[in-house]
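Residue numbers (the numbering used here), protein chains in the order written: chain A, 641 to 959; chain B, 641 to 959; chain C, 641 to 959; chain D, 641 to 959; chain E, 641 to 959.
To be clear, the hints were calculated from the coordinates, so they are not data collected in a lab. Be careful, since some hints might not be right.
One copy or any two copies: either way a pair holds, since identical chains are not told apart in the list.
Here are the simulated lysine to aspartate or glutamate pairs, EDC-like style, with alpha carbons at most 20 Å apart [stated by the list, open to error]:
1) K835 to D747
2) K835 to E752
3) K872 to E813
4) K716 to E869
5) K872 to E713
6) K835 to E853
7) K650 to E806
8) K755 to E815
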Amino acid sequence: MYTKRNYSLKQILLWTRKDIFYFVILSTVPVILYTVFRWYWLHLPWLPISLIGTAVAFIIGFKNNASYDRLWEARKVWGGIVNTSRSLTIMLNDYVNNEHAKKILSDQELFEIRKTFILRHIAWMSSLRHALRTPKSWEAEPRKKTGIDYRKHLEIREQKYSLEEELKGYLSEEEKDYVLSKKNKQAACLNLQSKHLSALKTEGYVWEFAHLEIEKMFVELFTLQGKVERIKNFPYPRQFATLNKFFVWIFVILLPFGMMNEFDKIGIIIVESMEQYKPYPNSGFHYLIELMGHYFIWFTVPFSVIISWVFNTMERVGE
Amino acid sequence: MYTKRNYSLKQILLWTRKDIFYFVILSTVPVILYTVFRWYWLHLPWLPISLIGTAVAFIIGFKNNASYDRLWEARKVWGGIVNTSRSLTIMLNDYVNNEHAKKILSDQELFEIRKTFILRHIAWMSSLRHALRTPKSWEAEPRKKTGIDYRKHLEIREQKYSLEEELKGYLSEEEKDYVLSKKNKQAACLNLQSKHLSALKTEGYVWEFAHLEIEKMFVELFTLQGKVERIKNFPYPRQFATLNKFFVWIFVILLPFGMMNEFDKIGIIIVESMEQYKPYPNSGFHYLIELMGHYFIWFTVPFSVIISWVFNTMERVGE
Amino acid sequence: MYTKRNYSLKQILLWTRKDIFYFVILSTVPVILYTVFRWYWLHLPWLPISLIGTAVAFIIGFKNNASYDRLWEARKVWGGIVNTSRSLTIMLNDYVNNEHAKKILSDQELFEIRKTFILRHIAWMSSLRHALRTPKSWEAEPRKKTGIDYRKHLEIREQKYSLEEELKGYLSEEEKDYVLSKKNKQAACLNLQSKHLSALKTEGYVWEFAHLEIEKMFVELFTLQGKVERIKNFPYPRQFATLNKFFVWIFVILLPFGMMNEFDKIGIIIVESMEQYKPYPNSGFHYLIELMGHYFIWFTVPFSVIISWVFNTMERVGE
Amino acid sequence: MYTKRNYSLKQILLWTRKDIFYFVILSTVPVILYTVFRWYWLHLPWLPISLIGTAVAFIIGFKNNASYDRLWEARKVWGGIVNTSRSLTIMLNDYVNNEHAKKILSDQELFEIRKTFILRHIAWMSSLRHALRTPKSWEAEPRKKTGIDYRKHLEIREQKYSLEEELKGYLSEEEKDYVLSKKNKQAACLNLQSKHLSALKTEGYVWEFAHLEIEKMFVELFTLQGKVERIKNFPYPRQFATLNKFFVWIFVILLPFGMMNEFDKIGIIIVESMEQYKPYPNSGFHYLIELMGHYFIWFTVPFSVIISWVFNTMERVGE
Amino acid sequence: MYTKRNYSLKQILLWTRKDIFYFVILSTVPVILYTVFRWYWLHLPWLPISLIGTAVAFIIGFKNNASYDRLWEARKVWGGIVNTSRSLTIMLNDYVNNEHAKKILSDQELFEIRKTFILRHIAWMSSLRHALRTPKSWEAEPRKKTGIDYRKHLEIREQKYSLEEELKGYLSEEEKDYVLSKKNKQAACLNLQSKHLSALKTEGYVWEFAHLEIEKMFVELFTLQGKVERIKNFPYPRQFATLNKFFVWIFVILLPFGMMNEFDKIGIIIVESMEQYKPYPNSGFHYLIELMGHYFIWFTVPFSVIISWVFNTMERVGE
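Could you put together the complete structure from these sequences and hints?
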């Protein structure tokens, strides 16, 4: 998780540098056509473009809302895993004992049993972490160049160590082989837990009713695991995401044509208003402003890049 | 589920090709009336149309939000079925045993019992899948031509095999006949499960309190099945959906009339501004631009098709 | 529930015919005052009206969202009743038996006991259905004329049969009298259920712990009944609903004044632009267009009726 | 709860009469400055004001949404209290009996025990009701004059009878003194309930496991009580509420300046267009319209009062 | 919690004084460039800026909605802690007794046991409170100067007393050392609770099944603690927050350029309309107005400061 208070402007510009490049091209081309090639008919009325802009802003707003909800839900599930882990620990401490045992164990032996469960629980979490790092076909970041650059600075534990290395010491050799042989490794860990607990109950180290309660914890962990996998495997619906992207690009492409219109109008007004100052003394200075008016249409470029950037970044941030 | 990162533009254009066709007609007709038949009174002021556009964008935003929530809820329920299935499995493993049994069974026999439950659970899931594929009167896709074309590429398992074929091997012959004779086949499967479990408890292979816990799993499965059926059977309220469609079409129909106005204005400005260049040398080129100005109103067609397409596709994607 | 894919345009126009009538009057009156009585000062600037329109669209959007949530919640509760009913059925099958019985009953007798519960459960549902059909003071539909027309085509079971008729066969005579004597008849049914179950437990036909589980089902049914009653008894807060209505009508009343302004401007432009065509040959045709320009303001009527209709229908659909 | 279908226009105007008065002043002052004192520079451009208007409409929309959610949650909690009360009743009926009793009680005595619980439960509800009527520092209504007028017509039970009077008959004298001596009287009632139940369990009138279930009901009632108190004690965050108010007032204050601009323009157009009719016969009538044009700016007052009223009432209704 | 009805205008202005200062500079600079340095080309068209404004208003609306939801959730968790504390208290009263005890304790001794639990529960709450006051890297308030000024008036208990001081009297010396030695002190407290309870169960002062119920309360407290820590540790996603800030500032920076345009236009109109009054008598007065018209562009400053302030404060309030 990113923990500084704010991203710096530089980071964001770097992250969006490719888009900015496109926007510059997209807005320069029509201005060149207009001024150099004199395609004076290249105007588009601003108001319909503005309507698309409003509609797009609206859709992006809803999308980002949904993205935030997903993020929040993911964070809740993660918090749930933390809570359940703590609860499991106190339950193991309180419910694994000699009270109903057929053969009394020493405190050290009971401690070893509890420790086995805790270590296996950590193995479950490691497996889950690795499963979540598997790349999915709809995830953009890892494949994009800017994403790769960005990641160089991050060291991702799951890409440095294999799951096999990470499980060492947390599972017995036999258990490790069993877990690694399964497709859903985290579910295999939980199966081992429940089997072990069941054996303990049969021998009386866990009271039958306490067994039901701990079993509920494993059911809860299955639920949380399932939720995590669901969020991982179910992206923001592709049809929505694709269309949002299209709408933003339609808006971005049309934008400079509409802006040119507005800037051209202002340019004309500047030129005209300067005409009346012509007979005045420092006409050299006024000539400069008049020139500015003539080339005023070029302001379309930075301005439409800014607006395109705002809309596109808004859209991408929620991805 | 669609798993590529994005739909291609081609796919989306194909999917909306019929609508695009209508939009072209809807926007061409008024332009022809205006230019060819010289109905110069065919203007409409842009601002009220823009207001409708904003209102419609707003409503569609809310609708898509609701659609997304439905989708997300459906995905949650499906995740819930996965989780409950896993939990049911570990419960059957841990709770079906000889501890309280009147007559001790071999491990193989206990395994067979558990297997019967698991197979019957799969039968329940197959029945549920088939029930969800039944077409409903308010679902558009399967009947629309574009939808049919689209589906040719998808092979839907539920349409290839009958439920009877799929249940083979998962239920005994007797059970299969019972399930197929019922209207709600998935509920019948769960009834069989609970009856079998009850018998096991009477013979002591399931401890009375464990019985209560497993029974709770069946209650949970009933709940999940009910939720799935609810989402299937309760579409986005028809009155909202219909009116949204109407509003979009009212907007789409009025759009070209308002756009014509704006484009006509720009056209006139172009023509006028070209007048002053007339005495200049390359007047042939300027004449071309002036011509462009005269026919500028025809830009209404592509532009209003784009806006119509954005609004309509936005509306349809949430359906 | 309405199950066709879409309402037809005709149905919706019929449903809103009274409003449409008002809108025609509201927009015709100012146009007549302007054109016939020559109150040329009757203009209003469009932009502030547009702002009201945006604000109103926004508020209606939120309201419809809330309406949809209510509907969805109601549907969930209804799904919950279905699920709980099924769960209750399998519980009665599994938990009502001779295992802990003081006096062994035949299978037939046990079946009769279970059947009594199921029938009484149906009686509970019938009572609930009838309670939900009681008209409330804030419900508009049944009293409005259009609503009455619309309902003629629907045959509402709850208005055709009295509750007393519907309970026949589901409750014993004694129980029926008891239930009908109570104010909250559905709660009375559940009280009977729990009392009967309690008696069964005392005689040993229901194991004490199973009793606790089934009792939880009745608690769940009480909860669901309470939720249904809450949704029925707590309408969308009246202060919000009333003000929404007011805001829509303020917008609808001001609308034609602002539109007249815009249409008048266009009319003047048409007339002016026709002036220059006057010396041309087919001036008869141009004269027609000029006439059209003079009366262009009359387009305010259909156009403002359409916008009023869109906003008002949007508002009414969420009611 | 207000149960009529709609508030009348009169009620709402009365409720907002003070605000309307301010709006009249706020919009009259600039018009007087403009027309009487000829401060012709008092224009403000409309578009930025319109932007504030849109932003404010948006914020109010979200706020009202949040208000509605709070109201809905409050209603849910209230429904929860009803449901839990009913469930508690059937539990007391079913679980308080002689089955495990050390000393058999008569039916009448058991009935008396149950009745004590029910009466004490009513005492809990009365205490809760009184606690909710305590005025809080951030609640506006009771202190505002219009609020006081409005309340005269409502007779609030909690202000007519003291809690002490209301508890009479529901608690024994000793219990009543104990409850009234505590700060959180409703919690005290629940403590009494749980203590009494505990005593019943010790004497065997409540089975140990049933005791656990009923205790859960008291835990549930604590939860519901806590929720009710939370909604009461945690208003819509003051910083949001205050800023919303400020934003609305900034908008309301700027509004007439921007409107004046628009109305003045229209007025000028009217005057100008009348000029050309001057030579026509009924110039007296046209002179009237021209006069209307000259004073057209005064229409700013009613129009800006209406818009201010719409925005402000929207904001206040969600308070 | 802030408990007055509204913040005063003064408080809010103080809180935002630094931003206001920036806005004044940001809007004064372009006006000076325009008027003093005569950079007459410094216009920007208003409409695109207005579009950014709408989009930004929209995004801020969603963000504030999310902020409010977080606040509300935090309040719910806090309410949950209150409820669970009360429930724990009645459970300790009802379930800690001699009924299953191996060695009967006096009432005083049982009371002492319960008291130990309650005091340790308070220690848990104190630890949690202190943990929540730890500053996080993304929290702005404590470091900003205005924040520090503001806080001078608030006395924060957690900053005045160390946790060690606050735990005195609530935990035994031995327990206190154990708790303070742990990283997550609140979890350590709950571990002590559960260990103590477990010991009580072994000695029979808590019935085995009651033990399961109280243990569930500790699990619940772990859950609530985890939720509180989650809300504390997971801020509104930094990428959203940063971009919102950027978008607001882009809007604020562009704003004066667009406004200048509008005000300049009005100024020109005023000057022009005054021209025609020149020959009239009190031309001195009109000259004043004309002067006002010439300097009308300076109104850009206050007006754009107000709009910037509204947007920025809206954005900051949700932080």
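**OP:** May I ask which of the numbered hints given earlier this structure violates, with the numbers listed in increasing order?
**Re:** 3, 7
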